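Fit chain U to the supplied structure of chain F, relying on the hints for placement.
As given, the protein sequences belong to chains F and U, one line each in that order.
The opening position of the first sequence corresponds to residue 438 in the numbering used here, with each subsequent residue numbered one higher.
The opening position of the second sequence corresponds to residue 33 in the numbering used here, with each subsequent residue numbered one higher.
Wrong hints could be hidden among the right ones.
As the list claims (entries may be wrong) - Restraint ranges, calculated between C-beta atoms of paired labels, are given here:
#1 ASP440/F <-> THR283/U: 18 to 28 Å
#2 GLN249/U <-> GLY715/F: 49 to 59 Å
#3 ASN131/U <-> LYS699/F: 13 to 23 Å
#4 SER278/U <-> ASP440/F: 17 to 27 Å
#5 LYS745/F <-> ASP177/U: 38 to 48 Å
#6 ALA63/U <-> TYR460/F: 41 to 51 Å
#7 ILE466/F <-> ARG60/U: 42 to 52 Å
#8 GLN281/U <-> ASN481/F: 16 to 26 Å
#9 GLN249/U <-> GLY487/F: 29 to 39 Å
#10 LEU714/F <-> SER278/U: 30 to 40 Å
If you are wondering where the hints come from, they were derived from the structure by calculation, not from laboratory data.
Please read all numbers here as calculations on a predicted model, not as lab measurements.
The beta-carbon is built from N, C-alpha and C at its ideal position, and this holds for glycine as well.
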Amino acid sequence: MLDVLDLEKRWSKYHFKKMLPIYLISTIIIASIIAIPGYIYLNNPELIEGFLTAKKTSTNNDIPATKTNAPKIAVQTTTQQTDPTNSTQDILSYEQNVLTPSFLFLTLLDDQLVIENNKIKLAAIRAARPIEKKVTKKKRVKTKKKVKKQKPKTKPKPIAKVKPKKMTPPKVKPIQKSSAPVKTKVTVLGDNSQFKQKKISTESVAVGHKKTSKSQLNSVIRRFKKSRKPALGLFISNEFYKQGNYKESYNYAKQTYKINPKLEDAVILYAKSLAKLGKSDIAISKLQSYIKSSGSIKARTVLNQIKKGTL
Amino acid sequence: MKNSKVFHNSKEVFQDIVDSKDYVQLDRSMAIYHALKEAIKKPLKMILVFGKPGTGKSMMLNKLYKELSPKQKVVYIQIPVIDEIEFFKVLAYEIFRFNTPDTLNFTQFMELANHYVVEVTPIVILDEAQLYSESLMEKIRLISDSRKVKFIFALHKTEKEDLIAKEHFQTRIWESQELQNATAAELTLYIQKKLLRANFFDLANMFNDKSVKHIHQFSNGNYRDTNKLLYGLFEICSWYEDHNPSKIQFTSIPTKLIEMAAIHTGFIDA
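The following block holds chain F by itself, in its conformation from the complex (with noise of 0.2 Å):
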């Protein structure tokens, strides 16, 4: 039954889970661009406030002295004009406003002359070694022409050339049951002895269940809870049985059985199982119901088989 409500708290979990990682990587980046100018503060405070206070005078000199300087001037030649007792308060505030010289470019000239004398030592440093060449081979990458030998598809020629038949619709002369078996055919294919004998490799047939593993086996079962096909329920029933795991060939009978309840051989296995558990009553009745819908033959010699206790 869908539960869309705990599905959505599930949901929102999972959202959750899910933008942890990015959540975190983005308060760390945040902390750090606020951790480290507060770091360098406390290792280095004459740094950041060297850097202050050059930023301090810089705006002194440049900025604000020619947008206070402007308008002063203006305002002196207007008060020259219009008041001239003023002067002398005015002249007071003009000194009062007097910029300091800044010697901060003798500092930054004795740097770069500290630089440049750095400069010339490197140059006469570097003259004064042998110059060492680098003998750089040229490593020749030997391309190995991959000749890619492709195998000719050679389609395997038809043994004989078939001609063409008409199209029409399969004519089946009917077997005459009365008339007796070839004789001569049946020694040339004989039983299976002969096949041995003719040394078919047994390697390349190697698909099926007869030496089916444990992990074939699981692998198998996965993929039925996955897939809910019968056939693979029959397979898993069929192989527990001949392992003698009734319970398990029971309970996989009776989930196929449920799939497809007209499959016959779910109903078979189920009802074998079943009598080899011990329930032969349980799995008459199973039996004989299904013989009465569907009329089986082999349904009728499994309850015979069981009945008689030939299982």
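Quick look at chain U alone, frame taken from chain F:
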């Protein structure tokens, strides 16, 4: 209202049923399908179709069966008949309409096959072929060698099974086709075509590249998983449609809902 109850019936589109009517024609899968049809025309003994689970093998075989059966004798065994005698009895009945209450072994079946004269070689399609036993596979190979019956196998491709398939068939199979998971672009087409076929035009437009990319992330291009995820998605959408319609946009599928469907169907462990 145009969009009212749009999600209610749409989930049925993504039910995992093998029916050739639901087969969505994508470029790559159609190319494989045509190659398979061409291979059948050739005088090959065995043809192999393999791929990971959920790549559309059963669906393709179903389509092939539906298309070929009016023209020639085709037997499609979807559920493997594990028992050997039963297998030969099924083949005898389905190909030659020969029914017997007695047992029928390989030798008897071969005699039977030699007795009948069939103009066009009958085709037997075996799904889930990896479930057949070793000895039965050997006998199937012998039947195909006699050219009385042509076999098409569908195998699952796992790492182990891939090797097995190659080892087993390399000397006999003359044609093999591998089906692969869909790319994001193919998945977009798949979803849209499925919805358009069922006349859900509005819904088809709601699946843009971004939303399909999310779906592809979870399903990995597996058609079965995609169906499962979309079924869950439409179930959630229809719930919102009934209880909280303001949360649903009818222009695109929100990522939140896709993720919720992934949690619901088990693709996300939350």
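Quick rundown of the hints versus the structure:
{"no.": "1", "hint": "ASP440/F <-> THR283/U: 18 to 28 Å", "verdict": "holds (27 Å)"}
{"no.": "2", "hint": "GLN249/U <-> GLY715/F: 49 to 59 Å", "verdict": "holds (51 Å)"}
{"no.": "3", "hint": "ASN131/U <-> LYS699/F: 13 to 23 Å", "verdict": "holds (19 Å)"}
{"no.": "4", "hint": "SER278/U <-> ASP440/F: 17 to 27 Å", "verdict": "holds (20 Å)"}
{"no.": "5", "hint": "LYS745/F <-> ASP177/U: 38 to 48 Å", "verdict": "holds (41 Å)"}
{"no.": "6", "hint": "ALA63/U <-> TYR460/F: 41 to 51 Å", "verdict": "holds (47 Å)"}
{"no.": "7", "hint": "ILE466/F <-> ARG60/U: 42 to 52 Å", "verdict": "holds (44 Å)"}
{"no.": "8", "hint": "GLN281/U <-> ASN481/F: 16 to 26 Å", "verdict": "violated (56 Å)"}
{"no.": "9", "hint": "GLN249/U <-> GLY487/F: 29 to 39 Å", "verdict": "violated (54 Å)"}
{"no.": "10", "hint": "LEU714/F <-> SER278/U: 30 to 40 Å", "verdict": "violated (56 Å)"}
In this structure, the hints that do not hold are numbers 8, 9, 10, in rising order.
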